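Peer 1: Now that you have both chains on their own, put them together as the hints suggest.
Those protein sequence lines, which keep their order, are chains A and B. Residues in the first sequence are numbered from 18 upward in steps of one, following the working numbering. Residues in the second sequence are numbered from 3 upward in steps of one, following the working numbering.
Hints may be right or wrong, so weigh each one.
Said to hold, decoys possible - Straight-line alpha carbon distances no greater than 35 angstroms define the calculated DSBU-like cross-link-like pairs of lysine-lysine that follow: (1) B:K6 <-> A:K213; (2) A:K53 <-> A:K127; (3) A:K331 <-> A:K127; (4) A:K53 <-> A:K245; (5) A:K146 <-> A:K421; (6) A:K146 <-> A:K53; (7) A:K352 <-> B:K28; (8) B:K6 <-> A:K127; (9) A:K213 <-> A:K185; (10) B:K28 <-> A:K245; (11) A:K53 <-> A:K288; (12) A:K162 <-> A:K185.
What the hints assert, rightly or not - From chain A, some residues computed to sit far from chain B (all C-beta separations above 10 angstroms): (13) D228; (14) S323; (15) H353; (16) F371; (17) E408.
The hints are simulated quantities; they were obtained by calculation from the structure and are not laboratory data. If you're wondering where the values come from, they're calculated on a predicted model, not measured in any experiment. We put the CB at the ideal spot given by N, CA and C, even for glycine.
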Amino acid sequence: MVTAISDEMFSGEAITDPYSYYGRIRDEDPVHWNEKYELWVITRHDDLVWMTRHHELFSSEFWSRDKRSPYPAIDESDLGLYQFMREFFMKWFIQHDRPVHTDQRKVVHKWFNPASMETWRPMVQQVVKDMLDEADEDGRMDVMKDFATPLPLFVIAQMMGMPFEDRKFIRSMAEKLLFIGRGEADRMQPLTDGIKELMEYLSPLVAQKVDLPVDENDLLSVLASGEKTGALTRDEVIADAILLLLAGHETTINLICNGTLAFTQHPDQWKLLKEAPFQDPDTVVRATEECLRYDPPVKSIQRIASEDVEMGGKLLKEGDRIRWFMSSANRDPAKHENPDTFDISRWPNTHVAFGSGIHHCLGATLARMEAQEAFKALAGRYDSISLETDEYEYQPSVTFRSLKSLPVSLK
Amino acid sequence: MPRKVRVSVDLDICVGNAMCETYAPKVFVLNDDRQSTVADPNADTFENIMEAAQDCPVSAITVIDDETGESLFP
Ligand code: HEM
Ligand code: HEM
Ligand code: SF4
Numbered sequence: 018m019v020t021a022i023s024d025e026m027f028s029g030e031a032i033t034d035p036y037s038y039y040g041r042i043r044d045e046d047p048v049h050w051n052e053k054y055e056l057w058v059i060t061r062h063d064d065l066v067w068m069t070r071h072h073e074l075f076s077s078e079f080w081s082r083d084k085r086s087p088y089p090a091i092d093e094s095d096l097g098l099y100q101f102m103r104e105f106f107m108k109w110f111i112q113h114d115r116p117v118h119t120d121q122r123k124v125v126h127k128w129f130n131p132a133s134m135e136t137w138r139p140m141v142q143q144v145v146k147d148m149l150d151e152a153d154e155d156g157r158m159d160v161m162k163d164f165a166t167p168l169p170l171f172v173i174a175q176m177m178g179m180p181f182e183d184r185k186f187i188r189s190m191a192e193k194l195l196f197i198g199r200g201e202a203d204r205m206q207p208l209t210d211g212i213k214e215l216m217e218y219l220s221p222l223v224a225q226k227v228d229l230p231v232d233e234n235d236l237l238s239v240l241a242s243g244e245k246t247g248a249l250t251r252d253e254v255i256a257d258a259i260l261l262l263l264a265g266h267e268t269t270i271n272l273i274c275n276g277t278l279a280f281t282q283h284p285d286q287w288k289l290l291k292e293a294p295f296q297d298p299d300t301v302v303r304a305t306e307e308c309l310r311y312d313p314p315v316k317s318i319q320r321i322a323s324e325d326v327e328m329g330g331k332l333l334k335e336g337d338r339i340r341w342f343m344s345s346a347n348r349d350p351a352k353h354e355n356p357d358t359f360d361i362s363r364w365p366n367t368h369v370a371f372g373s374g375i376h377h378c379l380g381a382t383l384a385r386m387e388a389q390e391a392f393k394a395l396a397g398r399y400d401s402i403s404l405e406t407d408e409y410e411y412q413p414s415v416t417f418r419s420l421k422s423l424p425v426s427l428k
Numbered sequence: 003m004p005r006k007v008r009v010s011v012d013l014d015i016c017v018g019n020a021m022c023e024t025y026a027p028k029v030f031v032l033n034d035d036r037q038s039t040v041a042d043p044n045a046d047t048f049e050n051i052m053e054a055a056q057d058c059p060v061s062a063i064t065v066i067d068d069e070t071g072e073s074l075f076p
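In isolation and in its complexed conformation, chain B is listed as follows (with noise of 0.2 angstroms):
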């Protein structure tokens, strides 16, 4: 069983880098704004996620494990 997660993204944060969208394309569209929004969290692997929200250059992404409502990240 894959790990499921919930992943927002703070638009007061995220600047546009597009780089969280590079590491999971399935699950980070960029909006009309160019900001990123998650479609579905659950499209790419676990690893891939937490790459791109480690890797935001502005930690503007937050994961949290759905079951146990562990912060996975930050």
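So here's chain A without its partners, still in its complex pose (with noise of 0.2 angstroms):
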């Protein structure tokens, strides 16, 4: 019997494996219109490209334009706190179009610019090596929380010349701004009290660092100096250090802890990745593109139709809600070999993990060396690294990839 596609985006089967649920899509009805969430999917590696490319089509402005209710709905009595919330994530530039984006985006573009980030590999080095020593003292982890969560954020802290004492506040707030990608009917109390509170946090620092001139070695210092130049307001400088604070956070994490898991459940690329000379770049640098590939940290992204637009025989029409799904594209037989094959020698490897056009991420490279550093150091230290439980959960996030935990015994 066929079944129709279910438009349940959150029910256990798409939350658990998201590539045969949005891979059936791709297959069956590549740009699909989910009734019950009222918004296209959209599937196939070369639409997703197509529609990143034509920004002027898509809108990014998806907190200011959408004015319908937050999905999974969120407790009536929450709704003034949703509000503030769309008020403060809208003073993002990744939530504006051009020319406003291409301005803002600027005054940190070079900041992470390849030669820039690689200035910085010794000292994500040493934090990851500083982690896992703790870990081997018990011959074991938990992953997500020992090692993935802590290491994007204190190496991010560190480029903002952000006291060490103040990790254990920053920290605690991430934790509340892990709320994020999630279903939870309450989510929203948790978000705006982290977000209120790095406010308040980073409010004297900023103002500290305008008035000084300008440190190109101080993230927080660089953003400053878009105030001065006129391309931020002070709220802007304020709302985007809380981006980057966090925009690597969720995302990173499920690098970390999805490549981890993968090297688990593939025990031969686990042992093409430890027999590879230790310093050969390529084969790590390849590795972390395939579990970028495989097992994607963003599941999709969001985009308003910014005018009626025909796509694969659809017609979106102007206001239309958008998703477009990593996770769908990165399996998509049409531009990948064996899409379902974890292979980490795959080369070259043109998946979409962080997105394509102008809105491409900011942090890949920053991200990239992390996993890379995580992962070699993994296969560097440890000959078998193995899951304590066979039962592991993901958040029930459409946007989010990521695992509820992460339990490892290390040998």
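Peer 2: Okay, here's the thing in structure tokens:
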């Protein structure tokens, strides 16, 4: 019997195995209208690339333009908080279209270029080493809590010149903000609390840096310089600082966890990584790209149609809500050979884990470097990493591919 | 005499981020696929071209000295 495609994106099946769920949509109805959530589901690699490269047709300003209610639903009493959130996120450059987007992105774009990121590699290596030294004492760890969560946060805090003592505070904020991609109806309170506390924490720091000459080694100082040139207002500097503090958070965590999980499930690939000449950068680079392709940290991203557009024989109307899925695009057989095989020697690897077009991830080079150093250190240190449990669960999110925890023993 | 260069973009790598176009719009022009192509490699200052190459997020741009053949980026 042929069953219709279910539109429940939050069902256990779709959350546990998005590759089957969105893969089926890609094969049967690649530009799919999801009746339940009233949005278009875009699943093919080529369509995704085309859409992200035509930013004039597909707007990123969904926080300001999408007046529909949040989904999944939140508590009625929290709608005021939701409004606060919307107004806060509208300040981000990620949420703008051109030309504002370009002017704002330029303030920090150079800072993230490949050569300047490379100068931070030794610092990243040190952070990785410190955390694994700690895990060694127990012979086990929860990859999520003990490794993947603190790593990106400590790295970015260091780049922003934040005092070492403040890390505990930053981390507790981050835990509140982890509710971002979750479905709980009462998720708004911890989210807004976290943002308000971070704003309070950052305001005096930013005020200080605006008055000082720009320190090119200090990301917060570089951001504050945007206020002097007029590209950003003070509120925007603070909002963008929070963005940068946390943008790499849930995402990089997922890359490290999902990648580690893939290695435990594919011992042959783990062996390949381990046996590669230790300093061989190519193997580590390729392995990281394959982790990004095979189980991408971000499952989907939103857009709003700016005008009527035809796609895959369907008419997307102005104002329609759209979601494009890297989960299905990265497994598109029209783009990747044996798409469901985890093969760390795959090259070139044209996955879209970081999106494409003008909003292509600003932190991609940093995220790659963190994951490369994490996988390299794991392979260099341990003969085997094994799951302590067969039951692992994912957060009920359509945005993020997030494990709830990943307890492993280390040998 | 301004320095003459040869410039190319690797389309297997370019993600259409278009930052190069904002630095040197006469040199880098997006094609129909919204990837960067080189219109006239000497239509902008050497500094702007080098800045575009250095700040390309995926290092898709190559710059070569037209006279000596020396690789200037990467
Ligand atoms: C500073 C880091 C970030 C924070 C604090 C943040 C916060 C949020 C919040 C509060 C929501 C609303 C969720 C809800 O309605 O429950 C949201 C949604 C979303 N965010 Fe972010 N975000 C961050 C970074 C990012 C990044 C880097 C991306 C892109 C990779 C992203 C993509 C999205 C998308 C696509 C949605 C739509 C959400 C949905 O309803 O599933 N976010 N974000
Ligand atoms: C594995 C880790 C990461 C993944 C998978 C990821 C994914 C993405 C994706 C898919 C987008 C495109 C959003 C869109 O088109 O609307 C994006 C944008 C962005 N990401 Fe990431 N990201 C990661 C890490 C980071 C890090 C570490 C940072 C910063 C420190 C960062 C900062 C940003 C910013 C600022 C944008 C918005 C760029 C713009 O609108 O011009 N990301 N990311
Ligand atoms: S900056 Fe790099 S990725 Fe972006 S369009 Fe230019 S060449 Fe392509």
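Peer 1: Indicate, hint by hint, whether the structure satisfies it.
Peer 2: Hint-by-hint comparison with the structure:
no.: 1; hint: B:K6 <-> A:K213; result: violated, 52 angstroms
no.: 2; hint: A:K53 <-> A:K127; result: violated, 42 angstroms
no.: 3; hint: A:K331 <-> A:K127; result: violated, 39 angstroms
no.: 4; hint: A:K53 <-> A:K245; result: violated, 46 angstroms
no.: 5; hint: A:K146 <-> A:K421; result: holds, 24 angstroms
no.: 6; hint: A:K146 <-> A:K53; result: violated, 47 angstroms
no.: 7; hint: A:K352 <-> B:K28; result: holds, 32 angstroms
no.: 8; hint: B:K6 <-> A:K127; result: holds, 24 angstroms
no.: 9; hint: A:K213 <-> A:K185; result: holds, 17 angstroms
no.: 10; hint: B:K28 <-> A:K245; result: holds, 28 angstroms
no.: 11; hint: A:K53 <-> A:K288; result: violated, 44 angstroms
no.: 12; hint: A:K162 <-> A:K185; result: holds, 14 angstroms
no.: 13; hint: D228; result: holds, 27 angstroms
no.: 14; hint: S323; result: holds, 16 angstroms
no.: 15; hint: H353; result: holds, 14 angstroms
no.: 16; hint: F371; result: violated, 8 angstroms
no.: 17; hint: E408; result: holds, 37 angstroms
The structure is inconsistent with the numbered hints 1, 2, 3, 4, 6, 11 and 16, although it conforms to all the rest.
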